[in-house]
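Q: Just so it is clear: in the sequence shown, position 56 is 470 by this note's numbering, and no numbers are missing.
Hints in this document: simulated from the structure, not taken from any laboratory.
A portion of the hints provided could be inaccurate.
Now the in silico label distances, taken between C-beta atoms and shown as ranges [as the list claims (entries may be wrong)]:
# : residue 1 : residue 2 : range
1 : L505      : R434      : 23 to 31 Å
2 : M456      : I420      : 52 to 60 Å
3 : A423      : S482      : 17 to 25 Å
4 : M428      : A452      : 13 to 21 Å
5 : L424      : F465      : 33 to 41 Å
6 : A502      : V453      : 57 to 65 Å
Beta carbons are placed, not taken as given, at the ideal position from N, Cα and C, and that holds for glycine.
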Amino acid sequence: MEKVVIDGALLDDMVSSLARIRAEFDGANGESHDVAVAVGHMALGERVLAFAEGWDHRRSELSEQLTSLGEQLTSVREGFESADNDLAAALTEEN
415 MEKVVIDGAL LDDMVSSLAR IRAEFDGANG ESHDVAVAVG HMALGERVLA
465 FAEGWDHRRS ELSEQLTSLG EQLTSVREGF ESADNDLAAA LTEEN
């Protein structure tokens, strides 16, 4: 008989990684101002800011998708954990 093995800790790690990636996306525009100042050339700095602002909408979409994926992974882990607990309880009741 085949086994289904779900590594809950690995799923939790993935959710944490997605949250860190999302935080980077969400903070990227604020960092672009620092980069624009650091380049030392006004025109280049303006281009950096324009590029970052142009990505605002797409970054927002990606951030939402990362949040959704994290929620889905959490649901998968919780679903398998619940099913495992229910099956274990059913086996215990039969004995």
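Q: Next, verify each hint and record whether it holds.
A: Verification of the supplied hints:
1. L505 with R434: 23 to 31 Å: Violated, at about 38 Å.
2. M456 with I420: 52 to 60 Å: 54 Å, holds
3. A423 with S482: 17 to 25 Å: 22 Å, holds
4. M428 with A452: 13 to 21 Å: 33 Å, violated
5. L424 with F465: 33 to 41 Å: 36 Å, holds
6. A502 with V453: 57 to 65 Å: 59 Å, holds
Taken one by one, the earlier hints fail for this structure at numbers 1, 4, listed in ascending order.
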